[in-house]
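K.L.:
From first to last, the protein sequence lines are chains F and C. Using this note's numbering, the letters of the first sequence correspond one by one to residues 12 to 400. Using this note's numbering, the letters of the second sequence correspond one by one to residues 12 to 400.
Because the hints were derived from the structure by calculation, they are not lab data. Fair warning: there could be bad hints in the mix.
If chains are identical, the list can't say which one is meant, so a pair holds when it fits in one copy or spans any two.
[As the list claims (entries may be wrong)] Cut-off 30 Å, straight-line C-alpha distance, at most; resulting in silico cross-link-like pairs (BS3-like, lysine-lysine):
hint, residue 1, residue 2
1, K219, K241
2, K139, K27
3, K39, K137
4, K344, K386
5, K386, K342
6, K39, K135
7, K219, K27
8, K338, K309
9, K55, K67
10, K137, K27
11, K27, K386
12, K97, K39
13, K386, K309
14, K344, K233
15, K139, K39
Protein chains: 2
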Amino acid sequence: MNNFIFLNPTRIIFGKGTENLVGAETKKHADKVLLHYGGGSIKKIGLYDTVVKSLKEAGVEFTELAGVQPNPRLSLVRQGIEICRKEGIRFILAVGGGSAIDSAKAIAVGVPYDGDVWDFYIGKAKVKEALPVGVVLTIPAAGSEASPSSVITNEDGWYKRGLTTDRIFPRFSILNPELTYTLPNYQTACGAADIMAHIMERYFTNTKDVELTDRLCESTMKTLINNVPKALANPTDYAARAEIMWTATVAHNNLLGTGRDEDWASHDIEHEISGIYDIAHGAGLAIVFPAWMKYVYKHDIERFAQFAVRVWDVEYNFRNPEETALKGIEKLKAFFSSIGLPVSLSEAGIDDSRLEEMADKCTSSDTHTVGGFVKLNKQAVYEILKLAK
Amino acid sequence: MNNFIFLNPTRIIFGKGTENLVGAETKKHADKVLLHYGGGSIKKIGLYDTVVKSLKEAGVEFTELAGVQPNPRLSLVRQGIEICRKEGIRFILAVGGGSAIDSAKAIAVGVPYDGDVWDFYIGKAKVKEALPVGVVLTIPAAGSEASPSSVITNEDGWYKRGLTTDRIFPRFSILNPELTYTLPNYQTACGAADIMAHIMERYFTNTKDVELTDRLCESTMKTLINNVPKALANPTDYAARAEIMWTATVAHNNLLGTGRDEDWASHDIEHEISGIYDIAHGAGLAIVFPAWMKYVYKHDIERFAQFAVRVWDVEYNFRNPEETALKGIEKLKAFFSSIGLPVSLSEAGIDDSRLEEMADKCTSSDTHTVGGFVKLNKQAVYEILKLAK
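With the rest of the complex left out, here is chain F:
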């Protein structure tokens, strides 16, 4: 086990009807906020009205900034920063999924910074200060509701880059599984792939002696796998929705990675796909992860066999562990397929014309590698993209 620091100060308010608490919870931090969200979906399900009512009752003023898109854009972040500065707003309330939250976090670090907020995402500057952020979550997927991370897409070149800093943990996140009843099945499935990927990026490690976190990862994956089909079959199954929603947060609140080296190559590769083609992040992960696994599994057949046995209930083949390992990868791929996700680039309507370009961008023209489990150069990323065709 590696030395580590673990911190997660976000207050989680979980359960039925909890969105009604948003006004009182926000009022603890601010009298005036930026209400930040996407399009019409929160209005369609009545959540917008509930939030506005709760804020008003608590005496919290707000200015709205809607229009957050999947793979949230830098241009909207810059708008948000301007509004906050002009109106003296010192708190961002995100209502939505990971995109709204990531966008809110970007605004939060941008407001008190003199330079351009993109500096933080390309490593040109370090965050020293951030406005507090609060969350009402509508999509269990990104884990951004209790993470120190934000991913933003710069339309100028379609670069998708991430920022991680302790200063952007949300102060509170309100999680009501009922708010996810109306998610289209495809979006629930994309969220599931993202959750699964957050766990797998931590699970596939070279660090030895990590029994507790191995087992916690396996528990979290099993729970997800058991509950996603139930939610797809019956969208108002509260129990299944609740398991998925809490699993999404636990998957990415840092606990599962404590004391372990992590991988993150699949996320890096996927960012290039969704950066160019603008497909859902979860769909991209469902395409990349099985291909990545096929490319790297020989690096640690035992770990892939453990994944197969403990997560997918594959029977261990004592004479041929490699067969066990491969069965686990097949099970993962079959799971993604069964919940309606593409598991190849072609299934997502992406041809092979820009594979090299993606491999190039992913490794900054082959000047650095991605991944902690196996370090991948441009050629390796290209091979994985070919396996994903």
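Keeping the supplied structure of chain F fixed, place chain C upon it in accordance with the hints.
P.N.:
Here is chain C on its own, set in the frame of chain F:
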């Protein structure tokens, strides 16, 4: 799953050599602290010197208050409160196990309070303010390093009572598994029983649809069970010590209880035993828990069978689940025995002369029940104590 609030803001600094960071970490919060610890053990292992050196290098002044005993005493807490008030100290640094931390937390809530600190422990007053507390942990057991709880014993009547409030989460806790190398095996075992009990108090619940937390509990128990024998056989096995230490924190940092009703009858019953006989809390739990299980298992045979199968690898008896359930209880008892703990009152040298008195105190003269899984009145507690003879 129940609605819940989850919060755990303690910063965990985990790994080899991390005690050297205590000065710098403390300095973020205070220039002058109360250094609070037990007896000679931290001096014997050189930890006292390391902490003092680190504080001095960081320019942190300190006043010492040593003498914390197992089942920490109210009288020492009162001394600590006086010292802090007299010397204007606004931060308590606990170096030791759960007793030192619980005592530090009691001082922390007592200093800014006008009345008697015991008021908080008997429900006569609510905590509105507390000094910040920091921790260097030496015993993985109580989980107090990342919990909002403190248990104190009032020598006037030997009442052992607990306090829970968000205000007493430590600001930081330093966890170096190497500091546990010199623990006597009996103390390691007592710690293990305490950790196991913290998980089981949450595991045995009447709440339905709690798959994720069920599995997380099972993972944490399995890891503990696998690693305690290794640490006992080889006290300097870093990997085993690290698993135990991180397991102890995860067991009691509230995550495993999210969305579930909990039990805590065994803790309440044990508090009466160690309150009167002053045996180690973990030893008392090893005695009480199997007896409690035998008394209550018929309330939910399926859950006890799940415990047997998933935690103890008992093969499920499809025609006789009760047999499976009972095997799990026997496995737990055998585990406690195998690591050198008493599993009956007689093995701990306690006769049956005061069973009724304990049952009486535990239920406040039969005016209230203990336990969430099965509500136990005085007679039920008495029966459990008889089963534990």
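K.L.:
Each of the hints needs a verdict: does it hold here or not?
P.N.:
Verification of the supplied hints:
Taking the shortest Cα distances, K219 and K241 sit within 30 Å of each other only across copies (16 Å), while inside one copy they are farther apart (35 Å). Taking the shortest Cα distances, K139 and K27 sit within 30 Å of each other only across copies (28 Å), while inside one copy they are farther apart (36 Å). In this assembly of identical chains, the alpha carbons of K39 and K137 lie at most 30 Å apart whether taken from the same copy (28 Å) or from different copies (20 Å). In this assembly of identical chains, K344 and K386 lie within 30 Å of each other by CA distance solely inside one copy; the values are 23 Å within and 47 Å between copies.
Taking CA atoms no more than 30 Å apart as the test, K386 paired with K342 passes inside one copy only; the shortest distance there is 25 Å, against 44 Å between copies. With identical chains, the CA atoms of K39 and K135 are at most 30 Å apart between copies only, with a shortest distance of 27 Å across copies and 34 Å within one. Taking identical chains as interchangeable, the C-alpha atoms of K219 and K27 lie at most 30 Å apart only when they sit on different chains, with a minimum of 15 Å there against 40 Å within one chain. Taking the shortest Cα distances, K338 and K309 sit within 30 Å of each other inside one copy (13 Å), while across copies they are farther apart (40 Å).
In this assembly of identical chains, the alpha carbons of K55 and K67 lie at most 30 Å apart only when taken from the same copy (20 Å versus 60 Å across copies). Taking CA atoms no more than 30 Å apart as the test, K137 paired with K27 passes between copies only; the shortest distance there is 28 Å, against 38 Å inside one copy. Taking identical chains as interchangeable, the C-alpha atoms of K27 and K386 lie at most 30 Å apart only when they sit on different chains, with a minimum of 27 Å there against 44 Å within one chain. For a Cα distance limit of 30 Å, the shortest separation of K97 from K39 inside one copy, 23 Å, qualifies, whereas the shortest one across copies, 33 Å, does not.
Taking CA atoms no more than 30 Å apart as the test, K386 paired with K309 passes inside one copy only; the shortest distance there is 14 Å, against 54 Å between copies. Taking the shortest Cα distances, K344 and K233 sit within 30 Å of each other both inside one copy (15 Å) and across copies (29 Å). Proximity of K139 and K39 under a CA criterion of 30 Å is satisfied in both settings, with 23 Å inside one chain copy and 16 Å between copies.
Against the hints set out earlier in the document, no violation occurs for any number.
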